[in-house]
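Heads up: the protein sequence lines correspond to chains A and B, in order. Going by the working numbering, the first sequence opens with residue 548, and the numbers climb by one from there. Going by the working numbering, the second sequence opens with residue 555, and the numbers climb by one from there.
No lab work stands behind these hints, which were simulated from the structure alone.
Below, computed lysine-lysine pairings styled on BS3-like, alpha-carbon distance capped at 30 Å:
{"no.": "1", "chain 1": "A", "residue 1": "K878", "chain 2": "A", "residue 2": "K640"}
{"no.": "2", "chain 1": "A", "residue 1": "K676", "chain 2": "A", "residue 2": "K767"}
{"no.": "3", "chain 1": "A", "residue 1": "K878", "chain 2": "B", "residue 2": "K781"}
{"no.": "4", "chain 1": "A", "residue 1": "K640", "chain 2": "B", "residue 2": "K777"}
{"no.": "5", "chain 1": "B", "residue 1": "K777", "chain 2": "A", "residue 2": "K878"}
{"no.": "6", "chain 1": "A", "residue 1": "K640", "chain 2": "B", "residue 2": "K781"}
To list a few chain A residues with every Cβ distance to chain B over 12 Å, as calculated:
{"no.": "7", "residue": "N554"}
{"no.": "8", "residue": "D685"}
{"no.": "9", "residue": "Y701"}
{"no.": "10", "residue": "K767"}
Covered stretches of chain A (in silico footprint by chain B; criterion: 3 or more residues with CB under 8 Å from a CB of chain B, positions within the stretch not fixed):
{"no.": "11", "stretch": "646-656"}
{"no.": "12", "stretch": "775-788"}
Glycine included, every Cβ here is placed at the ideal spot set by N, Cα and C.
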Amino acid sequence: MNEEFLNTLSSIVGTATPLVIASLGETITERAGVVNLSLDGSLALAAVLGFAAARTAQETGAIDAPMQIALGIAVAMLVGALIATLVGFSSIKLRRDQVAVGFVLTLLAAELARFLGADFTRIPGPQIKRFAIPLLEDIPILGTIFFEQNLLVYFSYILMFGIWFWLFRARGGLTLRAIGERPEAAYARGAQVQRLRYWYTFFGGALVGLAGAAYSLNVKPGWSSPPAMQGDGWIALAIVIFGGWHPFRVVLGAYLFAALRAVASYIQTNGLFIFGQEINFPFVLLNTLPWLLMIVTLLIVSGGLTERLLQYMPRAVQRRLRAFLRSDPPKALGARFEME
Amino acid sequence: MNSPRALTIRIAFLLLPIAISLAIGAVLVIAVGRDPLEVVDALWKGAFKDTRKIGGVVNFWIPLTLVSIGLVVTFRAGLWNIGVEGQMMMGALFASWGAQYILLDESLSPLLHVMLIALAALGGMFWGGVVGLLKIRLGVNEIFGGVALNALVNVISIYLISGPWQPRIGGSAQGTEPFPTPALLPEFSSRFPTNIFMIALVIAAFVIVMVMLNATRWGLNLKAVGKNMRSALLLGVATERASLSAFLVCGALAGIAGSYRVLFTFDNLRPLASGGIGFLGLLVVLLLSIRLLWVPLIAFAFAAILTGSTRLQIALQLDSSLAGVLQGLLVLFVILFHGVQEVFFPGTLGDEDESSAPHPKPLPNGSVSTRPHKEGGA
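Input sequences plus hints: build the corresponding full structure.
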């Protein structure tokens, strides 16, 4: 296989990683019945504070490079977790609407990021180093694509399998799904619904924070205003829906978006040739593609359109295709649960 | 409910969110090494130093109030119109098209203004209608549809500015050439630079929407749809039509707001000409739990903070995003403290619960939940 093509695939896996981690985090949170709509702002605030912490540690020279990165990641995760917990608290304890609080927090966090990041704009800082995995990197094709990355990327693979295992193979995951689907029943069977919701919201938020650090310490190093990842939080939220709250499909969705972006930016820099013929059109319009894809994917998985199209299919195909395309949210998503 | 204790608690819960947001704001300002009092001084002078500054506040107030009025309509119907920012932008695009291609004599300028504003309203309705149809017909949640359409119109505007509408000399992505003078909305006076016709339009929109919401069948239907989609349907309300009409009304008002930005504030089309005013409108309406009556007042306060913040950069080399931080904190704490009051001090709430429509509970796949929620019997 063409080496340039392999490298492109490898870079897609790399640049998709923040999206992968953020969407997986939100998947967990939503599986527990809480919508954390603050993703877009959370990513920015976690990114800038994580970067600021790592950069400040680098300047003072008190700790060595790997610890600077670790500090930045820890700060970012804490920021993401705290914002998510605030969404959870306002909904669980204060009975506020999750969407309203999440939306206000997304704006607030974005403005805070701009305000606090003013002194950290466009300056260099520590970056996560590439680390090829011995032996695995020698696997033809797959080695180049998946195993010549950095630790964060490898963590995202583990995370995907880990979440899948927890959700569908572990006892704890059964409870997790239950508190998102039928909290009353879960409660009746002895589950601590509210406490678990707090924990999963916290955990999911920490992953969103980690995704923020993945931007500012790796994929889009540093900080700038408007932030380089602006809009990605919304895309991550859409990916969770597209992924049907299933970790494998969610990750597939994240790679799909990253791939589309890679194609769009490739064409913008290199032009478009079809059969050696240069095709000319305003390439800036290619920036609409991720958003069009977002609408189309939501249309497919949640709409009546799919249902209508399915009517024309042979009956045998219908059911399988429906199961493949449709995605239904946890039934108690966004709803409050109150113990009597 | 009218006992002195209840009254004290009510007043405390009115003031606490303001005090806490200001305190956090002060801490942030100190954290970046500035004096909070200097910030207050800069904000105040930036907004109210002279009539020119006050004119600047009014110029933010006009679009902000327009979008907020529109958002009250969509919230009433239980809809999260995050696409309002894009609807403003589409209005701005339509108005910009008209300003460049409808060439009328200076003497016909008022007619041209009416045409441009109508065009902008159409543009906003178009974009709002797309969000609405995506939701109603195709099941795409309006939050995601709105976010995507906001991004789409931004890309389209950048394409127009850097392509077909680029200035003849020195074309860049900064903005189009200034529009011909007859298209631009005139200033009332150089000492009070704002547009009287638009102020009148805002007041008219406020009165009309107020009457429509509270005294017509349409308003009643919207409220029914917002409260409970399923029972509204069972009661014979054409729920789809009601939802779509809310998007169209909000889109029209947002479009007009967008036209003000390009025909008055900037005199040309720029990328992101809507400037976050649509999102700010969402904050205004959330702060008020969807009550229309106070929209002009709160919008004025927010517009003043916004105008004042432009001085922060010049006077204190402080990022103007502090304005957004303060506004965000205020709305967040108002919402949170409303919850604290409801949960821990039930019975001290006023009669506001009737007037405030419930927040919609959209599920991310587009369907508004029709299952009965388990509400505690507090």
